[in-house]
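Visitor: Sequence:
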Amino acid sequence: MLHAVVPAGGSGTRLWPLSRAQRPKFLLPLTGTDSSLLQSTVERVRLLSRPDQVYVVTGAAHAVDVARQLPEVPGDNILVEPSPRDSAAAISLAAAVIAEREPKAVMGAFAADHLVQDGEAFAKTVERAMELAETGLLMTIGINPTGPDTGYGYLRLGSAVGPGYQLEAFVEKPDQVSAVEYVSAGNYLWNAGMFVWRVDVFLEELARRRPALHDAVRTLAGAWDSTGREALFSQLWPTLEKISIDYAVMEPAAAAGRVGVVPGDFDWHDVGDYNTLGQVLKAADKVGNVVVGNRGAGEALLTESKRNVVVPAAGRLVAAVGVDDLIIVDTPDALLVCPRDRAQEVKGLVEELKQSQRDDLV
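For the sequence shown, position 180 matches number 201 in my numbering, and the numbering has no gaps at all.
What the hints contain is simulated information worked out from the structure, not anything from laboratory work.
The reader is advised that the hints may include incorrect statements.
Derived PhoX-like pairs: lysine-lysine, alpha-carbon spacing no greater than 25 Å straight-line [unchecked claim]:
1) LYS194 <-> LYS307
2) LYS307 <-> LYS327
3) LYS194 <-> LYS368
4) LYS125 <-> LYS145
5) LYS263 <-> LYS368
6) LYS263 <-> LYS375
7) LYS327 <-> LYS303
Here are the simulated distance ranges between beta carbons [said to hold, decoys possible]:
8) LYS368 <-> THR156: 16 to 26 Å
9) PRO184 <-> ALA81: 37 to 47 Å
10) ALA277 <-> PRO95: 50 to 60 Å
11) THR156 <-> ALA276: 11 to 21 Å
12) GLY207 <-> THR240: 30 to 40 Å
13) ALA181 <-> ALA335: 49 to 59 Å
14) PRO103 <-> GLY336: 28 to 38 Å
15) ASP291 <-> ALA340: 26 to 36 Å
16) GLN256 <-> GLY168: 42 to 52 Å
17) ASP97 <-> GLY336: 16 to 26 Å
18) THR260 <-> LYS368: 44 to 54 Å
19) ASP55 <-> THR260: 35 to 45 Å
20) ALA276 <-> GLN197: 18 to 28 Å
Every residue, glycine too, gets a C-beta built ideally from N, C-alpha and C.
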């Protein structure tokens with residue numbers, strides 16, 4: 022069985038004003054159903070893990086909402102970070118806690134804000150990664166590119182190993198020319214940020230690459246069930262290096278030949294902005310309009326309008342006449358209107374609000 026870890030952090034600023042610091046995107050129903058992205062992720066990993074083998078790493082501001090959305094996950098398995106220290110700290114802490122309970126457990130890490138609609142294909146891919154993880158490789162899961170996308174990092178495949186490949190290198194997000202070359206070459210996958218490994222193997226590599234981080238999380242995990250845990254967190258957590266798991270462990274481990282990869286045989290989407298939502302969710306009509314929401318949301322009336330993404334989150338009617346390729350997000354305290362091809366720029370609005378000290382809106 023897999024011990025599944027779901028890092029649930031970040032504020033999803035490109036999905037403002039729906040996503041806010043206190044109610045980030047992973048808590049929102051952006052899956053085309055009433056389930057939040059977090060609930061959808063946990064439902065997916067439950068094909069491989071018992072409820073007591075599912076862990077969520079999240080911030081103090083979101084712990085109550087996470088527990089409320091996931092009543093089947095034991096409270097002790099919701100690992101609360103006092104402050105964000107990036108993915109290396111979050112994932113390493115989870116690995117150390119799992120190792121205290123089962124020293125050679127196989128662990129997987131899957132972000133809370135990714136959308137995978139074919140759970141069975143996902144589970145089969147993870148099982149292939151688990152097979153190679155048992156041999157001592159640190160595993161990642163890559164996605165077969167559907168085109169030369171510059172928004173993702175890439176994984177360069179080496180020689181075949183069992184049901185996967187040796188990972189030759191992690192490659193940074195490319196420019197357009199390089200992305201075309203990677204896809205044409207046929208030996209590159211998108212880096213989806215999904216990992217599978219034995220916790221003892223990972224912690225050994227962590228000790229080799231980031232000894233201070235290793236010692237801190239092992240100390241915290243060792244005191245997990247003690248009364249001194251809070252004091253230790255206050256002392257140690259602020260000292261941890263802010264660094265991603267890719268930079269801290271996986272990239273140097275890949276250079277040393279210790280990382281493998283299996284291709285993900287499923288559709289995968291990093292739900293980062295409203296344009297992406299418009300691409301992955303089912304259209305509400307024959308002209309490509311997508312309406313995002315669950316029961317209790319408002320309605321959309323779109324006349325002579327095509328390919329719009331509408332979020333009637335204020336509970337009222339959103340009406341539009343003769344407009345195409347727009348994002349319209351209506352919330353009780355903010356309205357966003359933006360061309361779909363400028364969806365990435367929504368993040369800049371949040372920065373402007375922060376600079377104007379409009380913390381009530383972010």
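Visitor: Find the hints from earlier in the document that the structure breaks and name them by number, from lowest to highest.
Guide: Hints 1, 8, 10, 12, 17, 18 contradicted; others consistent.
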